[in-house]
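Residue numbers (the numbering used here), protein chains in the order written: chain D, 1 to 716; chain G, 1 to 297; chain U, 1 to 197; chain S, 1 to 195.
If you are wondering where the hints come from, they were derived from the structure by calculation, not from laboratory data.
Beta carbons: idealized from backbone N, C-alpha and C, even for Gly.
Keep in mind that the hints are not guaranteed to be accurate.
Said to hold, decoys possible - List time: in silico BS3-like cross-link candidates among lysine-lysine, alpha-carbon distance up to 27 Å:
#1 K226(D) x K125(D)
#2 K129(U) x K643(D)
#3 K125(U) x K603(D)
#4 K150(U) x K348(D)
#5 K508(D) x K579(D)
#6 K125(D) x K134(U)
#7 K645(D) x K278(D)
#8 K222(D) x K157(U)
#9 K282(D) x K157(U)
#10 K645(D) x K45(S)
#11 K229(D) x K157(U)
#12 K508(D) x K394(D)
#13 K603(D) x K157(U)
#14 K150(U) x K278(D)
#15 K234(D) x K150(U)
#16 K136(S) x K603(D)
#17 K226(D) x K125(U)
#18 K141(G) x K178(S)
#19 K12(D) x K136(S)
#20 K125(D) x K45(S)
#21 K157(U) x K226(D)
#22 K157(U) x K125(D)
#23 K100(G) x K199(G)
Said to hold, decoys possible - Computed footprint of chain G on chain S; a stretch qualifies when at least three of its residues, placed anywhere within it, have a C-beta under 8 Å from a C-beta of chain G:
#24 46-56
#25 69-80
#26 90-96
#27 109-120
Said to hold, decoys possible - Label pairs and their in silico Cβ distance ranges:
#28 L246(D) x N132(U): 23 to 33 Å
#29 S106(S) x E390(D): 29 to 39 Å
#30 R285(G) x V109(S): 45 to 55 Å
#31 P182(G) x D70(S): 44 to 54 Å
#32 V220(G) x F110(S): 43 to 53 Å
#33 T234(G) x K655(D): 23 to 33 Å
Residues per chain, in single letters:
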Amino acid sequence: MTNSLNDMRHAKSLIFIGSNAAEAHPVSMQHILHAKEVNNAPIIVVDPRYTKLAAKADEFVRIRPGTDCIFIMGLINEVIQKGYQDKEFIRTRVAGYPAMAEVAAKYTPEEVENVTGIPAAQTIKVAKILAMNRPTSLTWCMGGTQHSIGSSITRAFCILQLVLGNMGKSGGGTNIFRGHDNVQGATDMCVLSHTLPGYYGLSDGSWKHWCRVWDVDYDYIKGRFKEKKWMNAKGFTLSRWYEGVLQEEKIEQYTPIKAMIQWGCGSNSNSQYNRVVKAYNKLDLFVIVDPFPTMAAATCTTDNVYILPCSSQYETSGSVTSTSRQIQWRYKIVEPVNGCRDDYTIMKDLVDRLGFADQFYKNIKEVPEDITREINRGTLTIGYNGQTPERIKKHMDNWHTFDIETLQARGGPCDGDYFGMPWPCWTEEHPGTPILYDISKPVAEGGLPFRNRFGLEHKYIQSGRTEDLLAAKGVYNPGSEVKGGYPEFKDVVPGTNWKTDLSQKTIKEAIKRGMAPFGNARARCVVWNFPDQIPIHREPLHSPRPDLIQKYPTYEDKPNHYRVFTRFKSEQNPDLAAKFPFVLTTGRMVEHMGAGAETRSNKYLSELKSEMYAEINPVAGNNLGLRDGEMIWIESPEGGKVKVKAFFTERVDEKTIFMPFHFGGVLMGESLAGNYPAGHAPYIVGEPANVCTNYGYDIVTQIQATKDGLCKVSRA
Amino acid sequence: MNYYYKVIMKRILIPACIAATGMVAAMVYAGTDPVIVTPIGAGTGTSSFIQMNDAFTGDWQQYGQTFTNLQAGLFDQLFLVILTLIPAVFLLHYILIGAKHFDHEGEDVYFFSSTTRLIHWVAAVSFSLLVVTGLMIIFGKLLGGGTLIMGGRIVHIASALVFAVAAVFMFLIWLKDMLPMPYDIAWLFIMGGYLSKKKKPIPAGKFNAGQKMWFWLATVGGLVMAYTGWYLYTFQVTTDQLRILAIIHNFLGAAMIAMFLVHLYMSMFAIKGALTSMITGYKPREEVEILHSRYKI
Amino acid sequence: MAQRKIRISPDQGTKTESITLNPKVARRSFLKLSAATAALTGVAMTTRMTAKAATPAAVKEAYPDSTMIRSICTHCAVGCGINAEVQNGVWVRQEVAQDHPVSRGGYCCKGASAIDMVTSEKRLKTPMKRVNGKWQKITWDQAMDEIATKLNSIRDKDGPDALHLNGSAKVSTEMAYLQRKFAAFWGSNNVDHQARI
Amino acid sequence: MGRMKFLCDVERCIDCSGCVVACKEGNQIPVGVNRRRVITINQGKPGEKSISVACMHCADAPCIAVCPVDAIYQRDDGIVLVSKETCIGCGYCFMACPFGAPQFPSGQVFGARGAMDKCTFCAGGPEENFSEKERKLYGQNRIAEGKVPLCAAMCATKSLLAGDADIVADVYRERVFKRGSGSNAWGWDKAYKKK
């Protein structure tokens, strides 16, 4: 999120695309409805489903899954055609706009209607609502990202906000609601196969930076790897690691995966889940660390599986980063119950036995505070350095002193700070940055320009002149020494830049001069390092519109996509839609969370929603001769199938099937309840929807495409 | 309380109608599935409120209010009236006209077979328990509620099961003798001869019109009571249906208790020795000839 | 390990008034809630939750000598505050974090039962190992020894990239950092977590 | 004189069931008993509305009128409570209630209904405040602690309001005013009009 949940109270209009905040983030609705009631802000919900959020919306736009990009590009086109765009903002802070506008011009409202099913008049209406009610807060969630063109879709969202000039403004911004409680924190720490903590990437410089932070020899870490080239190679991802076990697709690694540690990760959120299960049973060692037995434990039929009962987060302490980038501290409420151990202890035990504890824990004596300090020391890119454990705790102890509208403390020990010191928080005196890219405030008080991430090499033709990526003259934060764009800070301490200067002198120097350490640049509309430099529509791999595949084909197949061959073009088959007539999309329900191991082990939540179901439109259901409440089979083109209860509702349209993905404990019609450790099976079991979600991965991030697959339905 | 009283006066007709048509209605109602949410088209504020009310408790204005008014103001008073008025009338009858005495020294007629008697007594005991526990529930506040009445409810449920079985048997074994006959009308006109002290033959077969009425009420009515009671026990119908069933259960219960009291008086006081006949199976010939003059011995 | 105990004194209301009690409950003297409302005004969304004891003697704490510990809900990323009432080391009650600046005491159904994460009967109690298709309870030491031995032998035989670590977005930032660091020290980039999907 | 009331703002209720679970978890209510429920009408269609309902603690409570054993009583602050030790589980209150509030856990004998259970406005029961017995039979007594009922306090969107009638009405009036439109408070005509 560039802004915060509380800041959404100031929005003059809100648009949600692929987000069901009322079910996935219910408490955020407090602020969203405030904007609706007090600012009279229209709420626009773009979704294939009439969600609970749509019930609160002023304008519900029913979209075909996977066509978000063309709808947004169409909106951008409409905004430009009608002259609604923020010309000054574009002139001074946006790069590559003319090239983008040229691409967008192809997406007329009529073309949008053809592809997405949204009436042209509605696209025009939405564009007008957004233009007339600025700033707009734009929110997306997994509905926007879990597509083979997810990376293009998200960029389209950002470009829309740039064109409307809604970035860096209170009430505006791109506000992505993260899913799990600490998905922001864990992402910032980059438990990701393509980067080191703080989004440093895997380059040699990054490794050297982190070795300095860890206080270990670079050569020591290099020696831990098989060869140096594996240090810089992106690893397998959560969405496709099992290919490394099964080896049914060509993998680019010297060895198959033999062992797996699954730490606090419910497995049935993986698409193609039946293949994941196959991989589990091929492993030589499988360790599950979780407070509740996940479905992974029940699916294994082989030995060599261990379950380690870790404590819940209430029985340990540590910081957690919310979707608003606020860092909050969890105090330990009780000691770990029932002989469980907390995560830190388990990690310590493991590292001790693996024999690298002295290197690993070199600077970590007091757990977890010393870890926080190590994070503060190393994670400079995103300004994780000002949030010391002491400060985070101070914020927690005084959370009542923060103003609900601005989230700034008024008086008290945290006076002037923003709640949770939303990153970047550059120094221990910095209040945190409540709104990213906001140039109305000095950098030292939470202001920020756009980052100069890509140096000065790239030039754009802008308004007949050639410009680099730096912001135009006159765009700067109050108090800035340079009254315009400037590159990132480096060589304040010779040989380092602001990201790698562990003494943090560079950052402090920049703040002192009223400038952002990462420079003052433009936001890019053209991303030259992505396959689609400007977002364009491509049909989902399994498209329900074979007639559009020719016009909007997907990418070429990609070998070595996170070490595994990934099919795109060879997977896109125009004949598929005839055999699999329904679009399958998945989503959350409010009563359950993630893979559901926790919530399905809660008797009250289990009572509220106790059965797996598939939403099907009554018209579609009646055409198939089904009855409401009847058991049906849903089959995917890959052969995965689930037996679920049909739930007739007009939430979905006649071509769409919706399933919640929280259930587990049943696989392809067979109950696995007996395979859980005795007495620990969840109260309710059900088919995991992800057995049916289709093949398909994003070209950049390899996020699984669970929202736009195909399926067929038959009576069970 | 006053408020409800007024409403009752106004609405005394509605419950009466419901009670009359209720038996049939209950059969129809209880058969349908409970509907939790009634989807009606998009509504304005007010119409969606009405839908919400429906979803929670059905049509409270119509049935809930009627039930509340009846239960709050009528039922306990109705039972009180029955419990006081009927014994009072009988006391008057006993004093003014007195019991009928028949010759127990003379010839006896074998009137009730052993099976009949067994079933009668099974029904009698379970029915008495039902009456007593039913009245305990109705006048629960006088007894303070709690475990005692809760126990009474349990006994009520248990005896109902026994009685329902006995009622079926009673119905089968006595049905032939209990069919209405033309002379029953004559019996009704002279009120069974109970208003006179003379021993004049009375038009009645094996059972007189009064007994027939009691029979039909006890068996068919009893089964309706069992049916309504079953749903009051399980609650497996919609709230509106429950309300109708409860109203029927109470009104019919009142009628049955009234007839039960009549039966008690007749068997224990009005006709001396009548009780003995149900124990031994024999009735004095004289009694049969006078009170059941059309019965062929 | 950090364990700070925080005591929060309830807001003291301004209005107080004694009331006549229903004869049925005359023996209890309860508090007058002058503004016992979790209501938030449409304008400021401020909480007016004030209460004052009628008489000091009437106030007896529901959980004497309990402490209030603050935490954050572990379900979604909104980051709702949690006030945990702890008595003698036992989490006895989940209190309302009415003054948390983001959630203002609000919870969805998952957050409202946060205490269940600790009290659930379904929580695992000992490490388990699958032996001949049956789950067997083992000790922590045995589990960790066996896992470490196997990991080391796989590393020696197949190399470090034969291990994949699926980390978590449900652990603390510190723990997530350790997971990434673990992969680095183990010598592999095969590490990922739910943010990927 | 304080008068406790509930109000559910239909425009804000998002059917998250936070109130339901807050009540169950806080008062340790057995599975199957719903002191508070959320229903949704017109699900999946324009006009979808949700509302959370429990005992409304009516002014002239029909349940009190019909109770054959006088187990239900009303406190001076308007809170309607049931004495579980007096209740016989007959179910009449359920039939009289316009909101479907009374709930009946399964009893010991024949599975017959046990004593009625319903929303206590988090005010416990007739037992001594904070006693173990009170907690076991009725759950928390937050009113005695000077706290708001759990459901309203934990409402995600502050849709559910609880507390002194005047303040609840003020808050709601202010909201309706801000919205520039709106309807009456659901259930108030039935629950509170008579006084």
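These are the hints, each one checked on the structure:
no., hint, in the structure
1, K226(D) x K125(D), "violated, 58 Å"
2, K129(U) x K643(D), "violated, 30 Å"
3, K125(U) x K603(D), "holds, 18 Å"
4, K150(U) x K348(D), "holds, 17 Å"
5, K508(D) x K579(D), "violated, 62 Å"
6, K125(D) x K134(U), "violated, 61 Å"
7, K645(D) x K278(D), "holds, 25 Å"
8, K222(D) x K157(U), "holds, 18 Å"
9, K282(D) x K157(U), "holds, 17 Å"
10, K645(D) x K45(S), "holds, 21 Å"
11, K229(D) x K157(U), "holds, 19 Å"
12, K508(D) x K394(D), "holds, 23 Å"
13, K603(D) x K157(U), "violated, 45 Å"
14, K150(U) x K278(D), "holds, 21 Å"
15, K234(D) x K150(U), "holds, 25 Å"
16, K136(S) x K603(D), "holds, 18 Å"
17, K226(D) x K125(U), "violated, 37 Å"
18, K141(G) x K178(S), "violated, 49 Å"
19, K12(D) x K136(S), "violated, 49 Å"
20, K125(D) x K45(S), "holds, 21 Å"
21, K157(U) x K226(D), "holds, 11 Å"
22, K157(U) x K125(D), "violated, 63 Å"
23, K100(G) x K199(G), "holds, 8 Å"
24, 46-56, "holds (count 5)"
25, 69-80, "holds (count 3)"
26, 90-96, "holds (count 6)"
27, 109-120, "holds (count 5)"
28, L246(D) x N132(U): 23 to 33 Å, "holds, 25 Å"
29, S106(S) x E390(D): 29 to 39 Å, "violated, 53 Å"
30, R285(G) x V109(S): 45 to 55 Å, "holds, 49 Å"
31, P182(G) x D70(S): 44 to 54 Å, "holds, 51 Å"
32, V220(G) x F110(S): 43 to 53 Å, "violated, 25 Å"
33, T234(G) x K655(D): 23 to 33 Å, "violated, 43 Å"
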